[in-house]
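Undergrad: Here are the chains, one letter per residue:
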Amino acid sequence: MIDPSLVANNVIDGVLMGLLYSLVALGLALVFGVMDIINFAHGDFVMIAAYLSWLLAMAFWLDPSIIAVITVPVFFLIGVAVYKLVIEPILGAEPLIQIAVTVGLGYVFQNVALGIWKAEPKSFPNPWFNFSIDLGPVTLTVAKLMAAAISLISLYLVHYLLTNTKFGLAIRATSANREVAPLMGINVRKVYAITFGLGIALTALGASLYMSWGQTNPYLGQSFSLLSWVIVAMGGLGGVVGVLYSGLIVGILEALGTTFFTASARLAVVYIAFFLLLWFRPRGLFARR
Amino acid sequence: MGWGEWISESKRYIIGTLVLGGLLALVPFAINFDMYYLLILSTALLYGVYVVAWNIIGGYAGQLDLAAFAYIGLGGIVAAELFTIYGVTPWVGMFVGAGVAMILAAAIGYPTFRFGIKDVWYALMSAALVVILNNIFHLPELLGSLDHYLPSKYGWMYLRFPTYENLYWFVTVTLVVAMLINLKISHSKTGYYLRAIREDELAAEALGIDVRKYKLLALMMYAGILGFMGYVSIVIQGTYSYHTFDSPNSITIAIMGIIGGLGSIAGAFTSAVTLKIIGEYLRSTLGASIPGIHLLIYGLLLIIVGIFKPDGLAGVWVSLKKKFVKKNVRGEKK
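Residue numbers (our numbering), protein chains in the order written: chain B, 1 to 289; chain X, 1 to 334.
Keep in mind that a hint or two might mislead.
Claimed, not checked - Computed cross-link-like contacts, SDA-like style, restricted to lysine to any residue with a CA-CA straight-line distance of at most 20 Å:
hint, chain 1, residue 1, chain 2, residue 2
1, X, K189, X, A203
2, X, K309, B, E88
3, X, K118, B, I97
4, B, K118, X, P291
In case anyone wonders, no lab produced these hints; they're calculated from the structure.
Just so it is clear, the structure is predicted and the values come from calculations on it, not from any experiment.
Turn these sequences into a full structure, and let the hints guide you.
TA: Laid out in structure tokens, this is it:
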């Protein structure tokens, strides 16, 4: 029989990871939902940001989660630059071209990372919050708890930005109709650049938080990319709330896969669920339309 | 274009493919049976087969499939296990492997096309398929974490040789066959239907094309060729394990197909073989100091092709041809 406290522990872990996945996927959902850009390199931004967090953490000997203060603005700028160089030329291109170009971008990131840092994983040797506290039958890792809390706050902030600010209104207007939005005095290119920058900044926040207990390697981005897409598929066009619930579902599925099969089969569980979802609920679980 | 011209054109392509195959078969003599070069060339031509096969689903049908190594791995592992455990000759095992890969393609493709999944979602599902198989075969009940070796038997019976020239010739023959299958599809009703689906699925459906059926057919032909070649891939690697379900390399095959130009057999062949040879060369010269340099170049090429030349190498060739034989092309077309 499987120990119930093990199940509880794994599920709690899944919930915490799920919140982090939601944070990363939210960036992808913004870019896909607002700009109609299919970004297959989304996870590779997480990977590069994880390396940057690790490098700066080593340099300043601070916990990587603190380094988010630097990585988030830097990645916002990187996002805007990548938008100008690579994304703008393929706006409105057919899906295959967008996929091809962003797959190429991901390949460049992965192999630059491989060239510079080689294949062995990197982690910060002196994490501040990577300890556990016992709460009766369950054990919690403080770093993950913190990452989950910050993810939740950030999701709320983005939700607030989209629903309660003038810029959020511009984003939503552009998303709803990109032909009419400019007639209403919205600078669509600027909205796109900032949206892409914001999406990439969220990957950096996720990466810095993740590095306070995790480790990075050049291929870290592949699972983040696929998981983010699974979350976007589940969330449909249900906005921030849809992404939040979908992230939690993915996190919990992964935890159940680890519990009932093995850790190495946990992604299979998530992706099989993804197949079933696409076949039977192609508009996602939380679609508005 | 007249009926007679069509026959002569397609005959010209068939003759061209056979001549190419003949020339490729002579290469081992030109390089004096150098083992190292033969290994690289065998790998390059094997990738040629993969990408030419990918051209059916990616190039003609326009579905960005990222699951090449799901079918290569499954077909290869089936043949390898049949050989290792039951002593079945790979000549049978490879066909069984191809069959199993086609069954998988049908099992995945039928509901996928039935529910109208395409574009980004198709690409994601195919990418996820490689990870699912990788994880499932990692289970201790299947392959576990270990590397598995083929029994040390050599000869044509097992398609394993102490030197590489026989394997090279075998891959050359399969490449020619794969190219001829592509040619056949390209000039058949199926090929025209698939291209119509790629250009505009709704319009194709409105014209009465059974979109689902033809997409599934394309996927199964692609999976069958890959599944058949899986055993050769394992022979070249020397071992097989859950790592045989290789996500990055699956993407590489799609990259090569796109760089070659969608729907172009010559483009697919040229891009796969050139990129693989350049890749292996860079890996052997700079690989120790800058690992992944060849993949970095593939990535950059893909971005450039995607942004500036979405028709790929085939498109470059067509525009060069237009530049030099301007009058002819214009006269013919308009």
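Undergrad: Would you mind marking each hint as holding or not holding in the structure?
TA: Outcome of the hint check:
Straight-line distance between C-alpha atoms of X/K189 and X/A203 comes to about 16 Å, which keeps the hinted pair within the 20 Å bound. Between X/K309 and B/E88 the alpha-carbon distance is near 16 Å, which keeps this suggested pair within the 20 Å criterion. Note on X/K118 and B/I97: the hinted pairing holds, with a Cα-Cα distance of about 14 Å set against a maximum of 20 Å. Restraint check: the Cα-Cα separation between B/K118 and X/P291 comes to about 7 Å, which is no more than 20 Å; the hinted pair holds.
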